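*Asks:* Sequences and hints are given; from them, build the entire structure.
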Amino acid sequence: MKVYLRLLSFARPYGSFMPQYILYTVLGIFFGIANFTLVIPLLNVLFGTTDTHTATVPTVLPHFALTIDYVKEVFNYYFAQILAAKGKQGALAYVCGVIIASVFFSNVFRYLGGKLLTKVRARVVQNLRGALYNRILDLELGYFSNERKGDLMSRLTNDVHEVEISVVNTLTAVFKEPLTIAGFFILLFTMSAKLTVFTLVLLPISGGVIASVAKRLRRHAALSQSTLGSMLSVIDETLGSIRVIKGFNAQAYILSKFRAQNDLYAQTTQSIDNTRDLASPFSEFAGVAVVAGLLYYGGSLVLSGAAGLSASTFITYIILFSQILTPAKALSGAFSNIQRGLVSGARVLRVIDTE
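With the numbering used here applied, the sequence shown corresponds to residues 1 to 355, in that order.
Simulated from the structure, these hints should not be mistaken for lab results. Since the structure is predicted, the reported quantities are computational estimates derived from the model, not experimental observations. A couple of the hints might just be wrong.
To be verified - Dumping the calculated EDC-like pairs for lysine to aspartate or glutamate here, alpha-carbon to alpha-carbon at most 20 Å:
no. : residue 1 : residue 2
1   : Lys115    : Glu164
2   : Lys257    : Asp236
3   : Lys246    : Asp236
4   : Lys2      : Glu164
5   : Lys149    : Glu73
6   : Lys119    : Glu164
7   : Lys329    : Asp277
8   : Lys329    : Asp263
9   : Lys149    : Glu237
10  : Lys329    : Asp353
11  : Lys329    : Glu284
12  : Lys149    : Asp138
13  : Lys149    : Asp353
14  : Lys149    : Glu355
15  : Lys257    : Glu237
16  : Lys2      : Asp353
*Replies:* Put into structure tokens, the structure is as follows:
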């Protein structure tokens, strides 16, 4: 985590983008979640339960408050007004119109947030590469006699590129997805605390396995980047001493040396890809297993009528919970992909921190 935060420090000043990004993200999540909450009145219209529904709505426009209940009461107020004036057909059109508007604003704010992160991503890579290059120029000559030139080239090119594709490109998942998951769970708690507590008991099981996969990825990534640096050093040694190699007929020796590093790098890379590919399918399977348990437990609550959970609310709850799988899967994939970038970032930072 220290390496990740250190890499993000190259995006300073944070004030130029962080407040805007948080605002865009929160608004995008708000409108995105609102899409699914509108399923309840939609189902009430389709199932013919609007008379029961309108019995509990406010008869006057609620006073403004920064709460979920305020948004629901405002929607229910206008829903009841349109239902009384234009009937179920008008209420259905009203719900569909609000859904379209909500989706539109959700995507607008998601685009604005993504556009802002693009600038941050470019700034991190630019500043990191510049800091590394400046440090190399400032190092004493004795440093270069102990370090292989190929390994330094690997850090300046491949490692910085790995940071870009593995760490910086996951900024969206790292910052946005936890907020999205938190927003969904807050809404789920307001709908049914019993069901939400039930899911929170099951989720840590899958989270523990995903954490072990991430730990294994970091171990393999360290070996992979070290092997790549050694292989580039062999290439640099070959190109710089090609006359000596040919003069002493040492082609077989240098070839065997290169093949050993090349084979080790290929094996390590394959192991990394296999482990990384396992994380996303497993998180999806674990999520579906939780949903299946949720269907059974929640369905029992609806049938018994003990929890005061209506069928339309339960269906909406399942839809909302299934949507958590998308950000959870993205977050799992991000943590898997980020491990290799953290190793590369640590290699770059070791050169920058050299005294």
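*Asks:* Hint by hint, say whether it matches the structure.
*Replies:* These are the hints, each one checked on the structure:
no.: 1; hint: Lys115 <-> Glu164; result: holds (16 Å)
no.: 2; hint: Lys257 <-> Asp236; result: holds (13 Å)
no.: 3; hint: Lys246 <-> Asp236; result: holds (15 Å)
no.: 4; hint: Lys2 <-> Glu164; result: holds (17 Å)
no.: 5; hint: Lys149 <-> Glu73; result: violated (67 Å)
no.: 6; hint: Lys119 <-> Glu164; result: holds (13 Å)
no.: 7; hint: Lys329 <-> Asp277; result: holds (12 Å)
no.: 8; hint: Lys329 <-> Asp263; result: violated (32 Å)
no.: 9; hint: Lys149 <-> Glu237; result: holds (9 Å)
no.: 10; hint: Lys329 <-> Asp353; result: violated (35 Å)
no.: 11; hint: Lys329 <-> Glu284; result: holds (7 Å)
no.: 12; hint: Lys149 <-> Asp138; result: holds (16 Å)
no.: 13; hint: Lys149 <-> Asp353; result: holds (18 Å)
no.: 14; hint: Lys149 <-> Glu355; result: holds (18 Å)
no.: 15; hint: Lys257 <-> Glu237; result: holds (11 Å)
no.: 16; hint: Lys2 <-> Asp353; result: holds (14 Å)
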